[in-house]
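> Model the full structure from these sequences, guided by the hints.
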Amino acid sequence: MFGIHTIHKYFSLLTLVVSFFLLGFLLIGGASTELAYLSIYLIRMRYNDTNIVSGNTTAAVSGLTIRANYLTLCASAAGEMVCTTSKNTTALSGTVGSEKSGTVSLVAISAALGEVCSPYLLVTTLVLVLLITIVVLWQLMPFVPGKIIARKICAATALLASLVWGLGAMLQHQAIVSAQAFVQASTQQYIHVERGSKAEALSWTSFTFLVITFFSLLFRVFRDHRQMMALEEKC
Numbered sequence: 001m002f003g004i005h006t007i008h009k010y011f012s013l014l015t016l017v018v019s020f021f022l023l024g025f026l027l028i029g030g031a032s033t034e035l036a037y038l039s040i041y042l043i044r045m046r047y048n049d050t051n052i053v054s055g056n057t058t059a060a061v062s063g064l065t066i067r068a069n070y071l072t073l074c075a076s077a078a079g080e081m082v083c084t085t086s087k088n089t090t091a092l093s094g095t096v097g098s099e100k101s102g103t104v105s106l107v108a109i110s111a112a113l114g115e116v117c118s119p120y121l122l123v124t125t126l127v128l129v130l131l132i133t134i135v136v137l138w139q140l141m142p143f144v145p146g147k148i149i150a151r152k153i154c155a156a157t158a159l160l161a162s163l164v165w166g167l168g169a170m171l172q173h174q175a176i177v178s179a180q181a182f183v184q185a186s187t188q189q190y191i192h193v194e195r196g197s198k199a200e201a202l203s204w205t206s207f208t209f210l211v212i213t214f215f216s217l218l219f220r221v222f223r224d225h226r227q228m229m230a231l232e233e234k235c
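Each residue of the sequence shown is one higher than the last, beginning at 1 in this note's numbering.
These are calculated hints, taken from the structure and not from any lab test.
Treat the hints with caution; some may be incorrect.
What the hints assert, rightly or not - Below, computed lysine-lysine pairings styled on DSS-like, alpha-carbon distance capped at 25 Å:
{"id": "1", "residue 1": "147", "residue 2": "234"}
{"id": "2", "residue 1": "9", "residue 2": "147"}
{"id": "3", "residue 1": "198", "residue 2": "87"}
{"id": "4", "residue 1": "9", "residue 2": "152"}
What the hints assert, rightly or not - Simulated restraints on C-beta separations:
{"id": "5", "residue 1": "135", "residue 2": "78", "range": "46 to 54 Å"}
{"id": "6", "residue 1": "234", "residue 2": "145", "range": "17 to 25 Å"}
{"id": "7", "residue 1": "204", "residue 2": "146", "range": "33 to 41 Å"}
Quick reminder that beta carbons are idealized off the backbone N, C-alpha and C, glycines included.
This is the structure in structure tokens:
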């Protein structure tokens, strides 16, 4: 019984830590040229050199690939990889310099996607999760006042974080799906667009952990309420 109580006591803290790291990893994906970071992207685009409509116009840029994430853009061409912030696209000029003026710019499309997939909801969720974690750590300490109120605040904030990131994950999914369909259709498959499966997995997994955290904290609030009711009946 003691073991179960101890596990449940720290369960919400564990789910909060997991959620924070998943969301943080999603935010900083593409911040480095290391494979662990490069594999996390919202969308990846390249010129389709097999498209008969494009003819020979993509011959010089067929090896160019752009990965776009919330804060970064990564371009690879001819074995060279460069990552920069989505606001500083000029840093990619050396890598994408082979893009012809008559071709559709992958960098411009990726930067436009960054305007649609804003990181504000993600950052807001990270801040909320960090605040909940601090309060949970505080109320886990022995002999501190206001534990019952702290648990109620944590549960309410966890619900808010779940709603905020639930909206963020849905908007992210819809924006990427729409961008994939629109870009490929409008360019007649001239540009191949691939959705980032790892980024989407991180989004929905972190959302699931946030929901689990909310119900875990809510259970403790109800347990506190039952204990208070029992004490009132004894009195």
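> For each hint, tell me whether it holds in the structure or not.
To see whether the hints hold, each was checked on the structure:
1. 147 - 234: holds, 22 Å
2. 9 - 147: holds, 13 Å
3. 198 - 87: Given pair residue 198, residue 87 holds - Cα atoms ~23 Å apart, limit 25 Å.
4. 9 - 152: holds, 15 Å
5. 135 - 78: 46 to 54 Å: holds, 51 Å
6. 234 - 145: 17 to 25 Å: For residue 234 and residue 145 the Cβ distance comes to about 23 Å; the hint holds.
7. 204 - 146: 33 to 41 Å: Because 34 Å falls inside the window, the suggested range holds.
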